[in-house]
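Asks: The chain contents come next:
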Amino acid sequence: MKICMLTWEFPPRIVGGIARHCLGLSKALAKKSHDVHVVTLEFPGAPMFEEMEGVKIHRVKIELGHPDFITWTFIFNHFMEKLVAILNRSVKFDVIHIHDWLTAPVGITSKYYLNKPLVSTVHSTEVGRAQGLHSPSSYLIDGIEWWMTYEAERIISCSISMKWELQNHFHLPSEKIIVIPNAIDASKYERKISRENVKRRYGIEPHERVVLFIGRLVPQKGVEYLIRAIPLILQQHRDVKFVIAGDGWSKSYLEDLASSTGFINKVRFLGFISDSGYADWLVQNAKRKIQELYSWEAVAERTIDVYEKICNR
Amino acid sequence: MGLKGQSVPDNLRFLRILHNIGATSPDKSLTIEEISRWILIDPQKVRENLEELIKNDYVNVNRDGDTEKFHVTARGIVKVMSMYS
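Chains as they are written, first to last, in the numbering used here: chain A, 60 to 372; chain F, 2 to 86.
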């Protein structure tokens with residue numbers, strides 16, 4: 060099958076889980092002898108075309124700009140459309156696969172001029188990310204998301220709870236949505252990690268237990284609930300350090316918030332990390348109930364208990 | 002306990018605009034005057050924002066004689082994208 064995958068993030072352009080999801084999926088499809096073409100955006104240092112384990116990656120140069128994000132999104136979709144049309148001269152695609160609303164315009168247009176089915180993976184929704192619709196841009200994004208689900212032949216959701224959210228919010232028939240959970244390559248985690256070395260690296264005493272948060276430091280990830288809970292947790296567990304891995308625009312706010320608890324010495328902000336680690340507890344935001352990739356990685360490490368609701372107290 | 006009080010800091014809003022107008026590589030870098038015209042902010046304010054962003058490695062400056070041109074770095078692009086996804 061000849062697959063045209065459209066995504067705004069693909070390594071090395073990594074923001075959240077979509078880049079890693081698309082990388083893993085495209086490589087797995089190529090391994091099964093599918094002809095996978097990923098069309099994505101340019102990134103400093105990345106070639107405009109490369110082949111990686113059988114996956115053909117085409118990067119689009121964004122030739123125009125505009126201060127407004129939505130306008131900018133439609134501009135890069137235009138340049139993606141142009142590239143898909145050029146590719147179509149030599150590759151007769153069987154299916155178009157988009158990831159989230161950001162590539163919905165190019166996906167829907169391609170569906171019509173290639174006359175091929177559109178598959179859409181919905182990783183998250185605007186109403187979930189923004190915890191409601193509070194601005195004209197949010198209403199527009201929500202509308203594009205509905206349009207994307209309407210135009211798609213099939214919708215892929217990475218969790219049952221996301222399927223429910225899609226069914227309820229967009230009034231979609233259940234049979235249109237397929238749940239395919241995120242996956243990881245478990246063989247990468249069959250290795251020994253020295254807990255002592257990890258703790259030493261981050262200034263944690265050997266006897267202290269580690270509460271870990273991994274994710275972008277933005278409001279929708281809910282890390283502020285964990286930080287606000289630190290004094291309560293420490294009342295019951297004195298020997299705990301809180302490790303917050305990730306970066307994002309609310310980092311300064313969260314650092315100030317951690318200071319305001321009076322326990323900043325118990326918190327480590329690591330920024331973006333790509334290396335291995337370990338924790339006693341992994342904290343996830345239960346408000347969104349999305350099966351994040353890192354929770355599978357945590358399970359694969361076999362060293363972590365996953366607690367979902369601690370930050371909802 | 003909600004999300005009130007959290008909003009994108011001014012310098013990151015500025016970074017976002019610099020990214021969206023396309024100053025994302027050395028060949029697409031812009032002068033302070035060009036940025037000022039694009040986003041209707043006083044050149045002095047543009048310079049203050051840029052200086053802060055350079056400190057954090059979100060923006061690079063290229064010097065060609067007396068001309069300074071600025072563009073968003075790879076780290077800055079990821080920072081901007083984190084505000085959207």
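Calculated directly from the structure, the hints in this document are not laboratory data. Treat each hint with caution, since some may be false.
[What the hints assert, rightly or not] Some, not all, of what chain A presents toward chain F, calculated at C-beta under 7 Å:
#, residue
1, Pro-103
2, Pro-106
3, Met-107
4, Phe-108
5, Lys-120
6, Pro-126
7, Gly-307
8, Trp-308
[What the hints assert, rightly or not] Cβ-Cβ distance ranges computed for the label pairs, FRET-style:
#, chain 1, residue 1, chain 2, residue 2, range
9, A, Tyr-198, F, Arg-64, 38 to 46 Å
10, A, Ile-252, F, Pro-44, 49 to 57 Å
11, A, Val-186, F, Val-9, 32 to 40 Å
Cβ coordinates follow ideal geometry from the N, Cα and C atoms, glycine included.
Asks: Evaluate each hint against the coordinates.
Replies: For each hint, the structure was consulted:
no.	hint	verdict
1	Pro-103	4 Å, holds
2	Pro-106	14 Å, violated
3	Met-107	12 Å, violated
4	Phe-108	17 Å, violated
5	Lys-120	9 Å, violated
6	Pro-126	4 Å, holds
7	Gly-307	5 Å, holds
8	Trp-308	5 Å, holds
9	A:Tyr-198 - F:Arg-64: 38 to 46 Å	44 Å, holds
10	A:Ile-252 - F:Pro-44: 49 to 57 Å	51 Å, holds
11	A:Val-186 - F:Val-9: 32 to 40 Å	20 Å, violated
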